[in-house]
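Listed below, chain by chain, are the residues.
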Amino acid sequence: VTLALRDLKDCFQGVIPSMIATCSKDGVPNVTYLSQVYFVDDRHVALSCQFFNKTRRNIDENPYATVVVYDPKTFEARRLELRFVRSETSGALFDAMALRIRIIASHTGMADVFRLTSADVFEVVSIEAIDAFLTPPDEALERTAPVVVDGPITELKSLQRVLNRVDRAACLEELLSGALLAAEEEYGFKHSMALLLDDATKRLTVLASRGYGVDRAGAEVALGEGLIGATAERRAPLRMTGLLSEMSYGRAVRDEVLRQGGGATPAPEIPLPGLADAQAQLALPLHVDERLLGVLAFEDRDPLAFDEWDEAYLQIVADQVARAIDRVQRASDDDDEPPPKSGTPQALAAAAAPSARPLRKFLYYRKDDCVFVDGDYLVRNVPGKLLWKMLTLRDSEGRVEFCNREFRLDASLGLPTLKDNLESRLILLRKRLLEKCPDIRIVPVRRGRFALEVDCEIELREADGA
Amino acid sequence: MRPECVRAVGVRVGRDGRDVSVFLPTATSETTLRNFEDNGAITACFTAMSHRSTQLKGRTASIRAATARDLEIVDRYVRAIAGVLGTVGVPPKFVVRMTTRPCRVVRFVVDALFDQTPGPRAGEPLASEGGAS
Chain S
1 VTLALRDLKD CFQGVIPSMI ATCSKDGVPN VTYLSQVYFV DDRHVALSCQ
51 FFNKTRRNID ENPYATVVVY DPKTFEARRL ELRFVRSETS GALFDAMALR
101 IRIIASHTGM ADVFRLTSAD VFEVVSIEAI DAFLTPPDEA LERTAPVVVD
151 GPITELKSLQ RVLNRVDRAA CLEELLSGAL LAAEEEYGFK HSMALLLDDA
201 TKRLTVLASR GYGVDRAGAE VALGEGLIGA TAERRAPLRM TGLLSEMSYG
251 RAVRDEVLRQ GGGATPAPEI PLPGLADAQA QLALPLHVDE RLLGVLAFED
301 RDPLAFDEWD EAYLQIVADQ VARAIDRVQR ASDDDDEPPP KSGTPQALAA
351 AAAPSARPLR KFLYYRKDDC VFVDGDYLVR NVPGKLLWKM LTLRDSEGRV
401 EFCNREFRLD ASLGLPTLKD NLESRLILLR KRLLEKCPDI RIVPVRRGRF
451 ALEVDCEIEL READGA
Chain G
1001 MRPECVRAVG VRVGRDGRDV SVFLPTATSE TTLRNFEDNG AITACFTAMS
1051 HRSTQLKGRT ASIRAATARD LEIVDRYVRA IAGVLGTVGV PPKFVVRMTT
1101 RPCRVVRFVV DALFDQTPGP RAGEPLASEG GAS
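The listed protein sequences derive, respectively, from chains S and G. Residues in the first sequence are numbered consecutively from 1, following the numbering used here. Residues in the second sequence are numbered consecutively from 1001, following the numbering used here.
In case anyone wonders, no lab produced these hints; they're calculated from the structure. There are no misleading hints in this set.
Beyond 12 Å from chain S on every Cβ pair, some chain G residues (computed):
hint : residue
1    : 1015
2    : 1017
3    : 1061
4    : 1070
Pairwise CB distance ranges, derived in the manner of DEER restraints:
hint : chain 1 : residue 1 : chain 2 : residue 2 : range
5    : S       : 377       : G       : 1018      : 54 to 60 Å
6    : S       : 136       : G       : 1061      : 33 to 39 Å
7    : S       : 131       : G       : 1072      : 24 to 30 Å
8    : S       : 131       : G       : 1061      : 27 to 33 Å
Built from N, CA and C at the ideal position, the CB exists for glycine as well.
Given the sequences, and given the hints that come with them, work out the whole structure.
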């Protein structure tokens, strides 16, 4: 059987580590594992040169290498005979390989230490199927091994059901949680999150998540950071497999550097919002025309959970979700109603009640609009300002009901005049309160209007620095 | 000079901790076995499917056919690797089909030990205390 290099693409996904053998001019062999074999064209592959010190020296002395790769679906082995051609330290190939490494590195706080030195391009001299590596199929033998069940089903009808659900959503929160629920029900993707871009901070904030046990609202990712940040920056879907070995690969370097105590100091590790043992991730940009709204991210413990087809298909879903987000945000922009007067009937009902209720102490740092409750971080930036505004208005004027419009017109909150994302900020604030201070709840009253329900005594204090 | 590598199907460490035997199926290691006879240089790399890996370099001391006791080690290895690869999605029913027989036992004396764990010092020698395990 003649094998073409492009037939081996599955082998290059990194699920089963590949092996590389080189030897010095004196014939001393070296063998090590490779995390990345990159398909360049029908006659070339590239290997990532990061720390392969002995491999590097051997290649300089003797340009021949043998690489053995494995098909993750069949465990068939293929041997590639390679001859070194050149090292690239810039250009499209280098960038593509560096991006993958950067994603792994930034998840583990190793961006400064763990970087691509060069993309080493090799000519593929021969490709050989190592037929003798596996014995012929033998049902009796195979029955002795545990069987892996696979297969989410995808079809046009399910796409229609997802889109119906997304189109019907009346508000942003219903829309996002509905989209994640649909992804699980229709495609079996159980671990997912929706992040929206905050134009003010240029960070992506988790507003809805599914399958993580805890609500991860408020977790943040910077543009360009990790798979999710890179997806947002490039506005293109990104898919990673073999995360377990590669994520722990990044971690190993970090441990090494910390242990050796020398060299660069790694930045604090950015907690990857998600599964600790994810082996496949797929992130899709949510954008309308050129405007980035956020990212939908999925992950799975099965390294083969997402393939090219899923990526293309789910991007269609993501595009519809993005349009629906744009629609509900526009609708919420149109909610115009005068703010309620101070001392409305429900006002101060809470304050008048007997104080057998718990006391919650709120501390607001003016410098970075950060709010703490009983010494724990609650929320910051615009959602922090919004909460503080409501709490002080309740305190000074006895108000418990508020409307979107008054916040939009309030210059001190610094909301942009267009696309202010007020609704997404209120969702985040509501979820953070639910987690950290369930005694205070934000409840919708009617369109564009909401109330603060308070079951505790409140102490308010402001501070300058953080 | 053309380097060659092959996946071993088991390993045993000698009592003194300085000699190591790797089990190689003859069906896939013909070239490698010939290389050993040519110049005797051997390098073996071990990982537990995690980030940490260790490399041994040495000189081939002897090559012989596997005994029934050696093959018990080999069979245990195949079951174990099928389980480990199964956790990353490789169907175990294919992994158990790894060719293991006939099998040669290549014993070599360890000259040097290297830490292959990725990092700025990957490839540097480990403290020379032997005792590989």
